[in-house]
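Engineer: Protein sequence lines correspond, in order, to chains A and B.
Per the working numbering, the first sequence starts with residue 1, numbered consecutively.
Per the working numbering, the second sequence starts with residue 1001, numbered consecutively.
Treat each hint with caution, since some may be false.
[Unchecked claim] Covered stretches of chain B, as calculated for chain A (at least 3 residues, CB under 8 Å):
#	stretch
1	1029-1042
2	1045-1054
3	1075-1088
4	1098-1111
5	1304-1314
FYI, nobody ran anything at the bench for these hints, they're computed from the structure.
Think of the CB as a built atom: it goes at the ideal place given N, C-alpha and C, for glycine as much as any other residue.
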Amino acid sequence: MKNMLRLSASAGVLLLTAGTAFADCGIAAGSVRILSNDFDALRLVNKTAEECASGTVTVTSNPTAEHKNLQVPALSISPAEYTVAVVANNSIVPLLNDDLIRPLDDLVAQYGQDLMPNQLIKIDGKVMAIAFMGNSQHLFYRKDILDKAGIAEPKSYEDILVAAKAIKDAGLMEYPLAASDKPGWDLAAEFVNMYLGTGGEFFTPGSAALAIDNPDGMKTLEIMKAMTAYMDPDYLTFDASGIQAEYEAGNVAIMNEWGSIAGAILDDEGAADGVVANTVLAAAPTVNGGTIPAVALWWDGFAIAKNISDEDAAASFQAMVHAISPATVAANPDVATWLVKGFEPGPAAVGVIATANAGARAYPMQPYMGLLHTALSSELAEFMAGSESAEQALADVKAAYETAAKEGGFL
Amino acid sequence: MRPLPFYFALTTRGRAVPHRTFFAFILPSIVAMLLFIALPIVSVIVQSFYIEHQQVLVEVENCQPFGGCTKTVRVDAAATAEIKASDPLGRFNGLGTYLNRSHLAVDEIGVIFASNTGLGDIVARIYNLPFYKALAFTLAFCAIVTPLAMLLGFAIALAVDALPRLTKGPVIFFSLLPMIITPLIGSLILYWMINPQGILGATLQQIFHDPNLSLRGSPALTWLTLLFYGVWSNAPFSFVVFYAGLQTVPGDTLESAMIDGASRWERIRYVIIPHLAPLATFVALVQVMDNFRVFEPIVGFSAEANATSLSWLVYNDLSGDSQLFGSAGATSVLTIIGIIILLTPVLLRTWREFNQKVV
Chain A
1 MKNMLRLSAS AGVLLLTAGT AFADCGIAAG SVRILSNDFD ALRLVNKTAE
51 ECASGTVTVT SNPTAEHKNL QVPALSISPA EYTVAVVANN SIVPLLNDDL
101 IRPLDDLVAQ YGQDLMPNQL IKIDGKVMAI AFMGNSQHLF YRKDILDKAG
151 IAEPKSYEDI LVAAKAIKDA GLMEYPLAAS DKPGWDLAAE FVNMYLGTGG
201 EFFTPGSAAL AIDNPDGMKT LEIMKAMTAY MDPDYLTFDA SGIQAEYEAG
251 NVAIMNEWGS IAGAILDDEG AADGVVANTV LAAAPTVNGG TIPAVALWWD
301 GFAIAKNISD EDAAASFQAM VHAISPATVA ANPDVATWLV KGFEPGPAAV
351 GVIATANAGA RAYPMQPYMG LLHTALSSEL AEFMAGSESA EQALADVKAA
401 YETAAKEGGF L
Chain B
1001 MRPLPFYFAL TTRGRAVPHR TFFAFILPSI VAMLLFIALP IVSVIVQSFY
1051 IEHQQVLVEV ENCQPFGGCT KTVRVDAAAT AEIKASDPLG RFNGLGTYLN
1101 RSHLAVDEIG VIFASNTGLG DIVARIYNLP FYKALAFTLA FCAIVTPLAM
1151 LLGFAIALAV DALPRLTKGP VIFFSLLPMI ITPLIGSLIL YWMINPQGIL
1201 GATLQQIFHD PNLSLRGSPA LTWLTLLFYG VWSNAPFSFV VFYAGLQTVP
1251 GDTLESAMID GASRWERIRY VIIPHLAPLA TFVALVQVMD NFRVFEPIVG
1301 FSAEANATSL SWLVYNDLSG DSQLFGSAGA TSVLTIIGII ILLTPVLLRT
1351 WREFNQKVV
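Isolated chain B, as found in the complex (with noise of 0.2 Å):
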């Protein structure tokens, strides 16, 4: 999907290099990550401790074509930009901007828990909190993507490792479509087709019998939608991967377990399983990775009204008439926090088996 952090090709084969070596080969990653990750990320979290300064607000006639002239409040920009110029990072904040309601909402669940009718209230008032909805988007988006999309992946390269060689470069070419074609793209596409009058959105009715149906009137729907397109966009990743990881299964084991009257589906359970895990914990690193800044989807299929992710708060805050930096750098923060969460016991893992193999 995109190029890999070198860290990925030198931990998975878990191969040793002498220390010098590998810091002379990695010094120009380093440099690149420090200016282009590294730095940005420290501007986006100081910026999200700031807010805005008190403007300086006036009242002034107005004049326009229409209505002809009113008295408007407008910013005294001369005074505004007096303050500015002598603290350009705005207001210190702190943990506001983190805590207020557009982001972990501390006050707001104060409140919730302290008068309730009940679980359901509970869950519904939360969900009601624009941070909490896109989270909840955004996890269901992950635990319920990597795994299925990975299992398609999965059983798409053992179909494929079982075709003759002829057709096997056209299929995989297509199994590779989803993958090739922009996100964007391919959910507009896929929006298109469940459209009512789309050739997917014609067909459902038609099976169901239901002229009303449509995949994009119900929250329900909605979000099933933009799984199947996750997992319809994500497996041709797992794959690639495995498709590859399969070419290196041992033919003698795989003879021996023949043999020995393993059914093929024997041979893929004690044979080509065990033998792709550390792969497979590979592939759920970077699809968790990917999955938990859903953010195109959204955009596609026009699904605003009911899911939204993490990744578009960001969108919102930062497009649209006014632009809110320290709120979209706060629930960047909190992203680039929520994936560490996410992939603190993959990367244990991961640091566990490099140790062992070292040693």
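Okay, chain A solo, but in the shape it has when bound (with noise of 0.2 Å):
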């Protein structure tokens, strides 16, 4: 459903960009491989890269929801299936584990001058990835909505809270939240969004000892089951792309939602009278009486296969600096938070920047993140359903995290 929704949303954008082919990248020769994850901005990259090819140089392009099911074995192999694995944060990990990426610095030396340095990923010095676009989960408000129940702009989950329940008192809104609760991927994404708003570390620093179980982890769960009291019943069963089609119904006042779909809200189609006019973006809220957003922000970027040969590196490495070039990004400022110089941040991306600039933190890299991530989405799911109490499911995210993280080698 999700990548339908894309589907549809990006057509607009290759048909805007699909007339522009060839254009001149100053690459001799080689194969360009790109594999990528599957929305808007990382199609309009792709399609701009294949710009490049030439009767010396081809350019192909893989994007797929299943990218990160795809990008170790297909970089495993030699020569590797993919030149480029267009990456972000968590999924640039399990490719430096079994080294599978290639440094870059000779590379951006030689072909990066239009790169900024905060664009390079640097791990140990070296530079691993080139990111290009920013995104988070931040605030979608109604204005109208909450004027009419008198509350101002909500600035921390408590705000949002005595928010929804004003609404819900004055009888605009039977169910004024919303939130990406569904158990997997999402759900675990809420908690760990929320967690970083607390201030608290996941791990004990330099170890893969979990260290959620505190106060911060059950303030998170106490914040994260409060808001469902303002939620639709099925709230389980959202995902990032089902509040989405809630909010655009008209049936949610709050909620915090990608940026990268920013711009699928808030164009003319799908949406119920009065929702895009009336929708703000802004940072995403504090916890806590903290001081910065409770979300995790994300960088999308490219690395280079380490088992290909040093000409299709080069190829590659010129091909994805020209797909995110800044003349790029100057005609599709509205598609993505760009990273890029001289970007001018359209409406969409408003929010991402409004996160990135009250310091929220990064979604963390350690290796063995991923472990956690997935037994916070299998085992919070009772507690969110009101059938387990919060203690119980800090205990069980430990236990499943403990019995992964030994049989993966890292406790």
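Given two chains presented individually in distinct reference frames, assemble the corresponding complex, making use of the accompanying hints.
Structural biologist: Right, here's the structure in full:
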């Protein structure tokens, strides 16, 4: 469902960019094969990279939601199936763990004049990936509904709970809140977001020992549960596209939703009357008296495979640099929150930028974070459904994580 | 539903075939089964005894667009690759993975039995363990869906058999639709229909005068929905087989029963059911196997919060940000053992019947 929504939204993007094939990217020869996730902005990047194709240069791309499952096996073989892996905070980790991507310092020096220093993802002093867009969940709210309830813009989750009560008591909406609480990746991400806002650390520094079994963890669960009192009773079946649909239908007043979906919500399609005109994007809320937004910041970037020829690596790097050039970004300011030089944020990027400026933390890159995310994704469901205590839920997460981390060789 | 292995065709008909012909006939199947079924199972079993090597971790400086540079732990890829090269399967863990919390949870169960506040507490705490939670739903699904789907299928078969010739074709086609639709698509269609804004969900709210009624909210209603879906999607298989079986009921016997004054019910009870009994064994066998690996409806109905199955556990281990192959292997082996235990009585019975016929 998610992909279908994105597909329809992206058709326009593709039409706009399809006319400018065969740009001169200065590549002599080589093969560029891109593996990426599947959403608007990345399809635009892939399409722009494909402009570099010429008599001696081939460019192919495979945008797929299954990219995380494909990337490790596809880059393990030699020569690798893909020369470029488009990655994010979390998906670069398996590639680093298995040493499947190459340092880019030489290529940056040679072809990366347009890159800004903060685009370089440096690990142990070496550039391992080039970030080109930022993303995060952030606040979307309906100004008309909040005005009617006499509520100002909520700055914290505590404010949101007060606002929700006011909206419900005023009879404006039955279920004013929504969150992507579907057990699985989404529910775990909600926990990670909220916990980041408390300022707590997930692991004991320098080790894989879990550290969420503390008052911050309890507070996180308490707020997550308190929010559900103002949500549609089906809240455990809503993922990010589910709440997007609810919001566009005019059933929701306040939600935290992905910045990358903002463009699709603010466009003229699919929303009930008055929703788009009254939608305000703002930084993600803080929690528990904290000062930073309770949300994880994400970057999307590209990495170049190790098991390919230097010629293909250079061609791939050049094609990707062309794909994320300031010219591309200037022509498509509303598609993403670009991290590229000269980007003038459009209305859809306001939320992510406000969130980043308010000092939100990045999604953790520890090699065992994925195991914790999986443990959270299945063990929080019963608590959220109301059939388990918060203490038990945290104990279950800890037990599930430790079992997995032992099997993964981290504990 | 899917092509049946050769041995069903042979054993259920119980026909004696010369050994050499029999062997030549099944050789390609045996080779294919060894390659595509036996070998992968062996590889899964081997994998389930191993876990990852101890990872070599180092703390390095990590710079990114947000938050600048921080010290972060990462895997020392070169050192880890060296260990992997010397022992590619990983660390031998014996039955460790089978006994850990994600599977049989032996230690946890020991603790539960050592200190508890009564039977309810024991059940609740065991149900809280992922494997037993999944097993509970899987077994319930098998035990409830199999007989109900067979009953429904049999009822449809009887009804269709009584229809006039002209209407039979279209009715059979529509009765088979649930089986023709891919399970994932079928469950998604039903899932959207039971959405409170969907046709079924809204109708139910009207009928029960409860604007908050949602089939997706509570565990009990989620189970009910999944079981309903299971019966809906499994009934056509029983229907097809029973309908074919009905065509073989000897007309003479039925006629003499009618002359003796047997009612329709008595004819079904004393002629048709005994005639179809061997077929019912076969249908039960296939359905139990099918239902034991229930998976698609859980994903389709977004029911993970309230119902999981053994196959879903395997899926959960292999998808997501990090994969646990040993854990998935162990769950797969436990699933196979579960199917063997469930099928043993039926297989034993079939074997005995087969032997009787040969002698």
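Engineer: Give a verdict on every hint.
Structural biologist: The hints, checked one at a time:
1. Restraint check on the stretch 1029-1042 of chain B versus chain A: 0 residues with Cβ-Cβ distances below 8 Å, three needed, restraint violated.
2. Taking a C-beta to C-beta cut-off of 8 Å, the stretch 1045-1054 of chain B contributes 4 residues in contact with chain A, enough for the three needed, and the coverage statement holds.
3. Here the stretch 1075-1088 of chain B counts 5 residues with a CB under 8 Å from a CB of chain A, which clears the bar of 3, and the coverage holds.
4. Coverage of the stretch 1098-1111 of chain B by chain A holds [criterion: at least 3 residues with CB-CB distance below 8 Å; count 4].
5. For the stretch 1304-1314 of chain B, the proposed coverage by chain A is satisfied: 4 residues have a C-beta within less than 8 Å of a C-beta in that chain, meeting the threshold of three.
When the structure is compared with the earlier hints, a violation turns up for hint 1 alone.
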